[in-house]
Structures are given as C-alpha cells and as structure tokens.
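Protein sequences appear in the order of chains C and P. The numbering used here numbers the first residue of the first sequence as 34 and each following residue consecutively. The numbering used here numbers the first residue of the second sequence as 812 and each following residue consecutively.
It is worth saying that the hints were derived from the structure and are not from the lab. Here the structure is a predicted model, which is why all the values come from computation and not from measurement. We put the beta carbon where it would ideally sit given N, CA and C, even for glycine. Any given hint might turn out to be false.
What the hints assert, rightly or not - Only part of the chain P face toward chain C is listed, based on derived beta-carbon distances under 10 Å:
| hint | residue |
| --- | --- |
| 1 | 814 |
| 2 | 818 |
| 3 | 866 |
| 4 | 905 |
| 5 | 912 |
| 6 | 916 |
| 7 | 918 |
| 8 | 921 |
| 9 | 964 |
| 10 | 1063 |
| 11 | 1067 |
| 12 | 1087 |
| 13 | 1088 |
| 14 | 1089 |
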Amino acid sequence: MGEMIQVENLSKQFKDVIAVDNLSFSVNTGEVYGFLGQNGAGKSTTIRMLLTLIKPNEGSITIFEKNITTHRKQVLQQVGAIIEKPDLYKYLTALQNLSIMAKLSGVKVSSSQLKDQLERVGIADRGDSKVKTFSQGMKQRLGIACALIHQPKLIILDEPTNGLDPQGIADVRNLILHLSKNEGKTILVSSHLLSEIELIADSMLIIDKGKKVAEGKVAHLLNPANTLVEVQTANDEATRQILRQSEWNNALQKSEGIILKMHKQDVPHLVKYLVENNIQVRSIQPKHSLEDYFLSLTTSNQHVATYKN
Amino acid sequence: MWQLTKIELFKIFRKPRTYIAFAAIALIIFLIQLAMYADGNAYLDFMLQTINLSFDVEGKKLNGYFIFYLILHTLLIHVPLLICLVAGDMVAGEANMGTLRMLLTKPVSRTTIILSKFIATSIYTLLLLTFMAVDGLFGSVAIFGIGDLMVQKSDVFILIDANDVMWRYAAAYGFAALSMIVVAAVAFLFSVLADNSIGPIVAAMSMVIVCTILTTMDIPLFNAAKPYLFTNHMLNWKGFFDRPVDYAEVMKSAMMLLGHVVFLVFISVYIFRKKDILT
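Extracted from the complex, chain P is given alone in its bound form:
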C-alpha cells in the first residue's frame, strides 16, 4: 500500500496543476499581510469601534497571531475549492488519460489502488494546510511579532494570552485537516463516478457551495438537515479559540466529519470495485 501511495504522491507532485493551490494560498497570504501592514491599525480600529468606547485594550493588538487568525478565517472557506482541483482529478483524470486501464491490468487489487489514491490525496491536503500554516503563521509572526490574540465571535471579544495561543493553533490545524479531508473525500467520490476531471471538480465545488449556503441559511425547512451537513461542522476549528473550549461540541463535530470520511471512502471503494473500465 505504501509503495502505491508513494507512486501516487510522485504523480501528484509532477503535475503542474498541483502547484496552483500552493501558489494561490501564498498569494492570498501575501495580500492579507500586505493589507494589514499598510492599513492594519485602521482595520483594527473599525473592528473595535464598539468596545473602544467602554474599554481600553492595551498591548500589541496587530500581531502575527491575530493576522494568522484572520488568514485562517479567510482561507479555510476557499481552500476546499483548491483541494477539489486535485482530489477530483485523482481517478477521473486517469480514466480520461487512459492510464487507469494500464494501472488496473497490474497485479494490485482495486481496493488497494483506490485506498492508496485516497491516502495520497489526504497527504496532499495535509501538505497544503501545513504550507498555509507555516507561511501564514511564521510569516506573520516574522513581520508583525507576537502578542495576545484578540478574537471576535459574534458580539463577543475573546482575549487569549500570547503563551496560550500555539496549542490552540495546533488543535485548530488538526481539526481543519479533518474538515479538508472530508472535502477531498467528496471530490474523490465524484472522481470515481466520472471519466473526466472537470465534472468531478465542478460537482464537488458545487456540493461545497450548496451545503455552505444551506448551513448559513436560517430556514426551518433546512434546519433539520444541518446537523448532518459536513459544512455545518467544518468551521468548528474556531471552537479552540473559545474560553473555555467546549470540547464536547468540538469532538461531536470531529466525529461527524470522521464519519463522513469513512462513509464517502467506503462508497468510493464499493463503486470502484464494481466499475467496468470502458475508457
């Protein structure tokens, strides 16, 4: 399995398309850092205008931790779209190229092939998030320095001591990784069903968008479905920045996301094992 996974990773990182996501993330992080460097204080003043009337917040508010939180808040909504680019191509791309039939004439079981492809997709997703974390966090700390993290949640401001921040980011990274692997699993399932890359990429992106809209709309008709929508749980990485952290809620979301991954991968394997390769 590991041998096959290494081959899949080798193929992923030899495709120019793979680097689009890395380039896009680097660009967005750079733009946010540039904007904050130029107008960060004005942005903060606008954000804090209600509490500045009653409170005097001291210390270095515009710091690397704050900038990275802002980056996470912005990027984790859009990264799923970038993940779909690679995950949607994993099986359908090979079917389109014709290499899938070559692959399946080799003495390796279909289950092993599909699982190794999914593991490689997950590793790619983790590397993308790691790149975002390293570039976003360490880059921002290098430019803006460190300080206490101020997080706005609805109409509440939470102030987290600088020494209490890093473990929260590590936990949020783990949770975000699980969320993004769910997105990868959705795109992967569509990829197993199709014989060209564009269809699964667009279908997976559409799925993420539709589910996100259903999650944000407060309409009774959709409320019953919300607890089961992966998009309803994906942004619960923010739970690690509560004081105190509601571990039960965060774990519930994590389990729901994990359940999605297991279910989607199981369906992908089942379909792939039954599929006639006609391309």
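Excised from the complex, chain C in its bound form:
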C-alpha cells in the first residue's frame, strides 16, 4: 500500500503565532486517516495547506506523488474536500450548487447523475430547494455530495460532524466507512473527538499547538492495556486507600477523582476487588476525551510517540 499523502517538515506562522510547527506525516492509499487535535491545534491550517488555500512557510506536501505547489491542478482533480463547514451558495438550489461544483471540478454530469448524488446523501427530495432553507445537517450532506461529485480518489473532511445532531453524526460516520470499505477511497478526516476517530479511522495523527504528539495505527495508539478508567464510588477517599494497598497502586493516577490506567480486560477484577472490600461502586467507565488521551501519553512518557506497523 503506497503513500497517497506525504507531508514533510511543514510549518506555518501567522505574525507571532506558530500555527503548524515542523509537522511531518503520511497517509496510506485506501485508509481512513484521523487527524486529531483540540480546537486551535493547527488541524484546519494543515488541511488548508494540503488544499493550497494557505501557503506554508516551510516544508513540502506531496499528494499522488506530485508536489502540490507545482502540480496543483492535477492533484486537485482527484481530491474532494470540505473545510470546517460546507458553505454553499445559499441563494441557489441544491442541484444548482452541485452542478456548479461539478463544472468547476471539470466533469460533465447529467441531471439524473446530479439527482443520484443527492440520493446518495439522502436529500434527493430537496434538490430544488434553496440552500438557505436547509438545516446544518442537510448543508453538511450537500457539502459531502459536492465533494464527491467528481469521484475523487482522496477525500479530505475537516470536522465533518460539527454542528450535526446524533443521527447526522452517525450518518456521516457510516458514509465515511462506506466510501472507504466499498469504494476504496482514501479519507483524511479531522476531528477534536477521539471517540469519533476511534470508530472510523485506521491510522491517526494527534497534534497539539501545531506539533505532532502521536501518529500510528489507531489500534496501537489506543492500546487497551493503557485504557484510563474512571471509578465513581460512595467514598472516594476510602477507595483510594484500599487501592494504594493493592496491586492497583501503580495504576492509580494522580489526577482528581479515581482514575486508573489499566487493561480493559482487568475491569471486572477491579470491580470484584472493590466490592469484596465493601466499596459501593456507582459507575466505572473508560475515559475517551482527547484531554484524557493526552494525559495518558504524558503520564507514560510517550509524548511525541510514533507507532507504525
């Protein structure tokens, strides 16, 4: 499996702010690549540089083995993208927007093909409605239709689930999985939600303040042996004391509340141990936020880690 995107030593500075700092990563053909970072981490700036909307100060971007700067047109013919939110022409209908995007992409599509594309994203019945009457979810679907109209090999989606309701999020997730598994598309998707990336991505890159924090296969990075588990009990202090005197002492984290870093499969043993020691367990659940993941990396001295198969 070759590399579809290669980014090397990419940097971008806006006045005094370093948005992206010496970032390197690669995306393999056919995979869903998660691009994770908190708001302001530099995800959108990086994606804009991939799409030539922003010029980097340093570094190089190669897509389809071509330099994006010198072969912009050839590369973008095979790329579909949504950046942040799908802003479309509100005073035009969905079909008119789609038709414009098809023409700009250099493909000739019939009106039935346009309707099929809307059918694919579930808004076929609103083809003649103006976009200003659409909900955020419908705009997102139309944006995806616009990004896919020219059958690109590479799809870049910047926070595609932003502003969507749970059903909309699930629909976008299923569409991404469908495009990857059934149509063999390579997809780079950014998000600030680790749980979202975990569900769809094969590999992922985590950045913070423009710098790479970790990169690798999702299965390796989210190693079940390093799962952070939060335990809520009737008496936290007593629980903490009991855990300190047990085999769980090393797993206990120094954060607020009772958080242990442990293998997922050991959770039943932990529950059993606590119950046997007369601790009333109210809840026990894995922590899945990006902040928690950063914490797990930091506490295990794996900051700036790379895991590759």
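Since the structure of chain C is already known, use the hints to place chain P on it.
Same frame as chain C, but now just chain P:
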C-alpha cells in the same frame, strides 16, 4: 475561462442585490421622463433664456435625443455607485460566505478564477449600461419623438442634426462602458483585499467620490494629479457631442482609462494569487 465566466454570471443574476441597480436606473429614467413630459418646455426655456434674446431656435427642441442626453448626464455620475454594489461583492462576498475556499479547492487556477470573475463583472456593467441605453434612448424617443439635439457646454450651445446623433450615442456608450469598467476594477481590487462585502463597496464608492471632488476642485495643489485621476477622464464621453469631435483628446482619455483597468486587474490578480484564504 468561458465556462467559469458563465458560472459567475449565473451567480450574479441569481442574487436579488443585482437587480437593485437595474431598478434604480429604471426609476431615475422614468422620473426624468415624467418631469420632462410635465415641465420640459419650462426647463428648456430656462436653459435657453440667454440665447433666446438673440436667436430663434426652431424645430422640436424637447425630443427623445435631448431627453436621453439629459439622462446620460445625470446617470453617468451615479451609476458608478451602483456598479460598486456588485463589483465590491464579487470576491469579498464569497470570502464572507465561505464559498471562496470551496471554489479554491477545485482544479482551477487562481488567475483563471479571478479573471473570470472580473470578466463577469464587466459583462454585468455592460448589461447595466445597455439597459440604461435601451430604456433611456428608445423610451425617450417613443415618448418625445426625434429631432435635432441641442447640447449645452459651459456657455456654448451645440446643435447636432438628428441624422448625426445615433453614431455619437454609440461612441459615447463605448466610452462610458470603459469608464464604468474602471469603476468596477476599483471595487474589484478592494473586494480582493477584503473578507466582507460592505468594506469594498464603501471603499470603492468613497474612492469615486474623493477622486470626483479632486477633479472638480480647481486648486493648484491637486492640478498636477488630475491627468492621472480616472474621474478626470470618465466624463469625456461628452467629447463625442462636440463639433468637430476632438478625437485625440477622447482617445487620450480612453487610453488612460484602459491603462487604469489593466493596472487594477493586474494588481488584483497578483494579490489574489498570494493571498492566504483564512475565512
């Protein structure tokens, strides 16, 4: 390029804002025609009061050609403001809506995008002027009929035979079109620099107003700059109604206006190619 220009024209004419200028021109033409229909003779008498003492001007003085000249004289000062509404929105409006970034992720060069936008803006400007010409000239001829055209220039009255008028209007239309494209290019440049529509529209209007004031003020400090101000040349369409026409002067102004267009578009393309799209 033509495909892109057609898309840009499609977008322009799907926006309600586009039709404000057409409606405003139609209204002004109607008001002038109504006023002339009601009080045209009194207006003419007032205009000719000095020469009526010495000369007896015969024929149908209040005719369609005269009314259209009056319309041109009034409108070509204000049309630039209407052109700014659309030209100032061309790039900045898309940046504000967020559609610019969608547009720039497509396999089309930035130069092609910006040039097609400018060509579409120019076509819109020409259509606006054509609408003004058709509504103003043919409407006035239909209402008032035709006759010799009497034009006042400072303290001189020029009488042009009815058969000698139409080519002058055609030439004046071409010159006015060039003038208005300069205004469009000014607004377009501001539009490339901004990320919302209001700024470039107001900036371009202000530029036209300031330059017009500098042109009309007879102050030695500003006189050196006058030959280079586009507003100094914009109203030289009137040169086609001189007898004889001073072609050298008219061509000089036309070249100056053309130079402005080329320069402004070149700067717009240069800036747009370098611009980081952050909206």
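A quick look at each hint next to the structure:
{"no.": "1", "hint": "814", "in the structure": "6 Å, holds"}
{"no.": "2", "hint": "818", "in the structure": "6 Å, holds"}
{"no.": "3", "hint": "866", "in the structure": "57 Å, violated"}
{"no.": "4", "hint": "905", "in the structure": "9 Å, holds"}
{"no.": "5", "hint": "912", "in the structure": "5 Å, holds"}
{"no.": "6", "hint": "916", "in the structure": "5 Å, holds"}
{"no.": "7", "hint": "918", "in the structure": "4 Å, holds"}
{"no.": "8", "hint": "921", "in the structure": "9 Å, holds"}
{"no.": "9", "hint": "964", "in the structure": "45 Å, violated"}
{"no.": "10", "hint": "1063", "in the structure": "41 Å, violated"}
{"no.": "11", "hint": "1067", "in the structure": "35 Å, violated"}
{"no.": "12", "hint": "1087", "in the structure": "5 Å, holds"}
{"no.": "13", "hint": "1088", "in the structure": "4 Å, holds"}
{"no.": "14", "hint": "1089", "in the structure": "7 Å, holds"}
When held up to the earlier numbered hints, the structure conflicts with 3, 9, 10 and 11 and fits the remainder.
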